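Model the full assembly from the supplied sequences, consistent with the hints where possible.
Line order of the protein sequences matches chains A, B and C. Under the numbering used here, read the first sequence as residues 1 to 251, first letter to last. Under the numbering used here, read the second sequence as residues 252 to 511, first letter to last. Under the numbering used here, read the third sequence as residues 512 to 712, first letter to last.
Accuracy of the hints is not assured; some may be wrong.
With a Cα cut of at most 30 Å, we get these calculated BS3-like pairs of lysine-lysine [as the list claims (entries may be wrong)]: (1) A:Lys214 - B:Lys267; (2) B:Lys270 - A:Lys71; (3) A:Lys8 - A:Lys221; (4) A:Lys178 - A:Lys107; (5) B:Lys287 - B:Lys300; (6) C:Lys528 - A:Lys236.
Some but not every residue of chain A turned toward chain C, in silico, with C-beta under 10 Å [said to hold, decoys possible]: (7) Asp40; (8) Phe66; (9) Leu115; (10) Pro155; (11) Met156; (12) Lys157; (13) Pro194; (14) Arg228; (15) Val232; (16) Lys236; (17) Tyr239.
What the hints contain is simulated information worked out from the structure, not anything from laboratory work. Since this is a predicted model, take the numbers as computed values, not measurements. By construction, the Cβ of each residue, glycine as well, lies at the ideal position given by its N, Cα and C atoms.
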Amino acid sequence: MSSNSPDKPQLIKNGKRLSGRSFTDLRPLKITAGVLKQADGSAMIEWGKNRIIAAVYGPHEVFPKFLTNNKKALVSARYVMAPFSSLEDHGRSGPNRRSIEISKVAKHVFENAILTSRFPKTIIDIHMDVVQSDGGTRIAAITAASVALADAGIPMKDLVAGVAVGKVDGELVVDLDKTEDNYGESDAAVVISPRTGDILLFQMEGLLTPEEVKRTVRLAKDAAVQVREVQVAALKKRYEQVASELGEQIA
Amino acid sequence: MISDQIKAQFIKDLIKDNKRADGRDFMAYRPIEIEKNVFENCEGSAICKIGDTKVLAGVKIDLATPFPDRPNEGMLSVGCEFSPIAHPSFQAGPPDERSIELARVVDRGIRAANTIDLTKLVVAPGKVMGVFIDLYILDYNGNLTDAAAMAAMSAVKNAIVPKVEQDGEVYKLNHEERKHHLPLGESVVTCTFEKVNGSILLDANIDEENASSGRLTFGTTTTGKICSAQKSGLASFTLEQFDSLIDMSLEQRHALMKLL
Amino acid sequence: MEKKLILPGDEVADTPKRMDGCFIDGGKTYAAVVSMGQDEKVVPLKGKYLPIAGDYVVGVVSEERFSGFNVEINSPYEGQLSARDVRDPLRVDDVVFVKIAFVDEVNGATLADPRRLTGGEMLEIEPTKVPRVIGRNMSMVTMIRDHSATDIFVGKNGRIYLKGNNTSLAVEAILKICRESHTSGLTDRIKQFLENGGNSQ
Chain A
1 MSSNSPDKPQ LIKNGKRLSG RSFTDLRPLK ITAGVLKQAD GSAMIEWGKN
51 RIIAAVYGPH EVFPKFLTNN KKALVSARYV MAPFSSLEDH GRSGPNRRSI
101 EISKVAKHVF ENAILTSRFP KTIIDIHMDV VQSDGGTRIA AITAASVALA
151 DAGIPMKDLV AGVAVGKVDG ELVVDLDKTE DNYGESDAAV VISPRTGDIL
201 LFQMEGLLTP EEVKRTVRLA KDAAVQVREV QVAALKKRYE QVASELGEQI
251 A
Chain B
252 MISDQIKAQF IKDLIKDNKR ADGRDFMAYR PIEIEKNVFE NCEGSAICKI
302 GDTKVLAGVK IDLATPFPDR PNEGMLSVGC EFSPIAHPSF QAGPPDERSI
352 ELARVVDRGI RAANTIDLTK LVVAPGKVMG VFIDLYILDY NGNLTDAAAM
402 AAMSAVKNAI VPKVEQDGEV YKLNHEERKH HLPLGESVVT CTFEKVNGSI
452 LLDANIDEEN ASSGRLTFGT TTTGKICSAQ KSGLASFTLE QFDSLIDMSL
502 EQRHALMKLL
Chain C
512 MEKKLILPGD EVADTPKRMD GCFIDGGKTY AAVVSMGQDE KVVPLKGKYL
562 PIAGDYVVGV VSEERFSGFN VEINSPYEGQ LSARDVRDPL RVDDVVFVKI
612 AFVDEVNGAT LADPRRLTGG EMLEIEPTKV PRVIGRNMSM VTMIRDHSAT
662 DIFVGKNGRI YLKGNNTSLA VEAILKICRE SHTSGLTDRI KQFLENGGNS
712 Q
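Dropping the structure here:
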C-alpha cells in the first residue's frame with residue numbers, strides 16, 4: 001500500500017469507484033467446478049482479472065508414514081503464483097515468504113471447515129495456483145478451493161467464502177481491485193463461514209479506527225453471502241445432472 | 252509428545268473452571284521486561300521477556316538501492332530466525348513457516364503504522380538507507396508475537412543512524428560515528444489472544460498454546476488505531492468476540508507502550 | 512417434497528439426526544457433502560469409497576506380510592486379509608473379489624472370503640454409479656451377463672471385473688449406463704442395445 005504515492009489516482013469520484021462500482025459491489029465473479037480430470041476435485045475462479053485454479057487430491061495415505069494422525073485427516077495447502085501471473089515483472093517460480101504465509105493461514109481455514117475426523121490416518125492436499133493476479137488473490141484462491149473440496153466430496157461444515165475489504169480515499173469498500181489494493185489505506189483479507197457468520201481468516205494491514213475494523217468484518221460477512229451464491233451456482237451446474245440420476249434411486 | 256497432550260487436557264480442564272495454571276486472570280500478561288541496547292555493533296537492539304519467553308531484536312542500518320517502484324523511500328525489512336537454541340521443535344535448515352508468519356506480522360504492523368518515516372531515509376538519488384530488523388527467538392515459552400513486536404519496536408526506537416560519508420560519487424556509512432535516532436512516527440504493539448477450550452486468553456504460555464485451537468493478534472498504535480491483524484490456527488471467532496478483542500487490545504496497549 | 516441438490520452447510524433437519532454425509536451442530540443437522548435430498552433423505556453424490564462391513568469389493572493385493580496380505584480397495588484405506596482366510600496362495604498384483612467382514616474405528620477393513628480373479632479385465636467407474644449398474648434386484652447386471660455371456664463381478668468400490676468371450680459388449684453396456692444413468696427408460700434401452708449386439712438402434 002502506498003496511499004501517499006504521487007502516482008495515486010483519485011480512487012473515488014462522485015460516490016463511485018474507478019471501476020464504476022459502488023462501495024459494496026463485487027467485481028464480476030464466476031466459478032467453474034470440475035475443470036480438471038486427474039484431481040479428485042477442482043475449480044477455476046474468475047474474479048475481476050484473477051484467474052486461479054484449485055485442485056484437491058485425497059484423502060489418501062500419508063507419506064512419510066510417521067506423520068500420520070490416528071484421529072483425523074491432515075490438511076496440506078499450497079498457494080503459489082505463477083511467474084507470469086502479474087502485469088508487471090516476471091516473478092520467481094515456487095514458494096516465497098508471502099506464499100508460505102498465505103498457504104499456512106489457508107490451511108488453518110480448511111482444517112476448521114473440513115470434518116477431518118471422518119478420515120483418520122489420511123491427508124487431503126489442496127493446491128491453489130494463481131495464473132493471473134488482480135488483487136485479492138488469497139481470498140479468491142480460498143473461495144475456489146472451497147468449491148474444489150466440495151467437488152471432491154470432502155465432508156465440510158460449510159462452503160467458506162472470502163472477500164477483501166479495504167479503505168480507499170477514506171471509504172471502506174468491498175472487493176478491492178489491483179489499483180485499490182496498491183493505493184488504498186488499508187487492506188483486510190477475510191474468510192467467513194456464511195452458515196455461522198464466524199471469522200475463519202483475518203489478515204489486515206493499514207491504519208483504521210477500531211470502529212472501521214469492526215465495520216470491515218461486517219462488510220465482509222455480507223459480501224461472503226453473495227460469494228457463496230456463486231459457489232453454489234458452480235456446484236449446481238456441475239451436479240444437476242448427477243443429482244437427477246441419483247434422484248431416481250431415492251424414489 | 253504424549254506428555255504435551257496430557258498437559259493440554261489439564262489446561263483445558265482448568266479453563267473450564269475459569270482458572271489458569273499460573274493463577275493469572277484470562278486477560279493478564281505475564282511480567283514483561285525489556286532490555287535495551289544490549290549490543291554495540293548493531294544500530295539498535297532489545298530483548299523482550301514475557302514470562303520465560305525471550306525474543307531478541309537487532310536493527311542494522313545499511314546503504315541500499317531503493318525498490319524501482321519506491322525510488323523515494325528507504326527500505327524496511329523484518330526477518331526472523333527460529334534458532335534451535337530456543338525449543339526442541341526448532342530445527343536448523345530452511346525457514347519454518349511459523350517464523351515467516353511471525354516476521355511478516357511484525358513487518359505489517361510497523362509498515363502500516365508508518366512507524367519509520369521511510370521518505371526521510373533517502374541519501375541521494377538511487378541511494379537510500381535500509382532498516383533491517385532481525386528477530387531472534389532465544390527461549391520459546393509462548394506468545395512469540397507480542398514479545399517479537401515489542402522487541403522490534405524497542406530496538407527501532409533506540410537505533411541510532413550511522414553517519415553518511417561521501418567520497419566523490421561513493422557514499423558509505425561510518426558505523427563508528429552515530430548521530431541521531433531514526434525518523435519515527437507512531438509506535439506499535441500487538442496483543443495476541445488464544446482460544447482454548449472455547450475461552451479466550453491473553454498472552455498464552457507454551458502449555459496454553461499447545462492446548463489452543465487458534466489465535467488472533469491485533470496491532471495497535473500510540474493514538475489508538477488498529478494497524479494490523481492476523482488470525483492463525485483453525486479456531487474461528489464470532490463477530491462479538493472480534494469486537495471485544497479489539498477493545499481489549501486498545502486497553503492493554505497503554506501498559507505495553509510504557510515499557511518500550 | 513421435491514428432489515433437490517444439497518451443498519455443504521445446508522440445513523437438512525432442524526433436529527439432530529445421524530445421517531450419511533451430514534453433521535450435527537447446535538441441535539440441527541447439516542449436509543457435509545454435495546448430496547441429493549428428498550424429504551429428509553440424503554444421498555451423497557461424490558466421494559471416495561469408504562469400506563462398509565458386508566460390501567463386496569474388487570481389490571488388488573498390494574503387499575504380502577507374514578500374517579497375511581494388504582489389499583488395495585480403491586479407497587484411502589487398505590484392507591487386511593489374514594493368511595488363515597486364504598485357501599489358494601495369493602501374490603502381489605493378484606485381483607480378488609472379496610467381502611468386507613469388519614471395519615474398525617479408523618476405517619481399517621478386515622477382509623474375508625477372497626476369490627482370486629484371473630483371465631479377465633477390470634473396469635473402474637465412479638463408486639456412486641455402482642447401484643445403477645447393478646439395477647433393482649440385480650436386474651441390470653443379470654441382463655448384461657445373459658446377453659454377453661460374461662461373468663461380471665461388481666465391487667461396491669467402483670471396480671468391475673469381467674471375464675468371458677464377449678467382454679467388450681458388456682464393457683460398452685456398462686459405460687453406456689454410466690453415461691446415460693440420469694435418463695429414464697434406461698433399462699429398456701440397454702436391453703435393446705444388448706439385443707442388437709452393441710448397436711444403439
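For each hint given before, does the structure comply? Return the numbers of the non-compliant ones in rising order. 8
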